[in-house]
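Chemist: In case you want the letters, here they are:
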Amino acid sequence: MAVDAIPAGRVQLPSQARSQSRRLAVRRFKLTLLLPLIALFLFLLTPVLLLQLYFSVHQWTVYLSSWWDADFVGLDLFQEVLTDPRFGWAVVRSLAFATTSTLGCFVFGFLLAYLMYKPFRGQAVYYIIFILPMLTVPVVVAYTAEMLLYQSGPINDLISRIIGVDFKPAWLTNPHIALATVALLEIWNWTPFSFIILLAGLAAIPKEPIEAAEILGASKWRIFWEVQLPLLRPVILLALVLRFLEAMAEFPKTWALFQGGPGSATETLPVYIFMTTWQYFQISKGAAMSYIVMLMMIVIVLIAIHLLRREKRSLDQMYALRAKDAEG
Amino acid sequence: MATKSRRRLMSSIVRYMILTGWAIIAFFPIYWMVSTSFKPDIQWFAWPPVYFPDPPTLTNYMNVWLGSEQYDTTQYAISSQTPLVSLWNSTVIAFTSTFLAVSFGSVLAYGVSRYRILSEARMFQLLMLRMIPPIVIVAPLSLYYSALGLLDTRIGLIMVYFLTTLPYAVWMTKSFIDEVPREVEQAAEILGASRWRTVFEIVLPLIRSGLVATFLFILILTWSEYLLALIITKTQVSTLPIELSKYQGSTEGRVYGRQAALAVGITIPLMVIGLIIRKHLARGFSFGMVRR
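Chains as they are written, first to last, in this note's numbering: chain A, 1236 to 1563; chain B, -18 to 273.
Check the hints yourself; a few may be wrong.
Taking lysine to any residue and the SDA-like style, the derived pairs with C-alpha atoms no more than 25 angstroms apart in a straight line are [unchecked claim]:
(1) B/LYS215 - B/VAL245
(2) B/LYS260 - A/MET1351
(3) A/LYS1353 - B/ARG272
Because the hints were derived from the structure by calculation, they are not lab data.
Based on the sequences and whatever the hints tell you, model everything.
Modeler: Structure below.
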């Protein structure tokens, strides 16, 4: 097993004893490499997960004294969460928010990457401007949005001037569009992410198949659909999956801008968990809710990982091929 | 042929129009933040909106960063902690946790790349540390921390950041180590270098630039983190993103100019770092799966 990893060692193995001591040394080396990770899991992650389990089956709030005196309530809290309509709405909002913002980032990111993957004058300048939103702290995005989006603010003013009609949506106070506002901010903030990943993917597509198709007289449209797009599939999936997962966890913008309001219009899962735990101080309900969300996310992440593993293999193959080409 | 060249010209014009349009969308909010930070207070919230600060003033910066100017402090009384202290906290926390993540992560990545100490499946499970929203563990984490006395300390935040950025560090450095030919290490081994020496004196120096890119990339993440900082640090130690939200809670409500001055200060280091490693951002965000 271990010996396979160091082929150089295989050449010089005079005796049985030496090879055995070597194997031991390798094993010790591997264990040492792993130690920090094991320590982190044992001392940081495991206790936290155990505490979470404890609180989700014991009724406790900060108003009670020591938390080990809390009453055991079995699965009552889980039942309470699952029958809570606010929780259901939070799930719906989170999924809707993550889906729209992921698709938005993808569409804009793809358009920009497609327009930019071939060299042209000014490419570097555009690239730098396009990645700036991603390099802005999320909380800063939220507060800047507040400076821009109030009803008689600059954004509405500019749009009104351009289209010549009074355009005055209440981005920040209308409960019907508040979540859409956050989604727009998320798209502004993270389109660069989709853009850079898709740009790197487009630039890495081998030239030969496209040239071959051009010689055969295929139209640009057909080359795009039948050659480029299939070759891009791994990168596209990567951009979608990673963005979706990050959007499910989005908290800073939603919280800093709306704190769940107006009404409960922007109460996504992270926001609702935060409010339950830190504003209503229902630690136990928050823990049960966290547990449910964690399980839900584990399922989603496992699906994501399944997809990513497959795509990573084809990406690795592509890079290996390219490296071979570069050598030969 | 004339029509063809005209069509090419047209498509080029359309391309520039779309790109410039998006460039304006991408840049305008950043411009607004910067220009607001130079506006005197009557222009923060004026109608019609003031697009160019007139006259530009440094009052906001002086007040926020130096706390030198007295005339507004009662009107916009903010928080006990000064931003300079937060800046120091942010710097210490971001640099230390990033340094930990990259040093342990790169050694771990070496083990994965050469000795397979983690199988491919385990490597993907490691990603879960990043992919599952941190909100699901913050409540028990803060209780655990308060039991350990780590709540509201730098060490506490450093440990969590270390844990949550470790997947990025391992995956990104592994993608660099994978590109180092094994012959180099085999040669070192034949010459009698120990395993640790091979790691620290041969492999890691070879991926120097990759390590720097990984370091700066993770610095971006730790510098701008909000949720964990919000919960783990309360009054003693707050980072810059948290400091920024304190301006919201004041009774005056809209102290845009001050907020913008602080926001510019937080954002500039991030943009500088990001532009330095712009070629590596795709690799970083995709856990090393996409390379350039």
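Chemist: Looking back at the numbered hints, which does the structure fail to meet, lowest number first?
Modeler: Hints that this structure does not satisfy do not exist here, as all of them hold.
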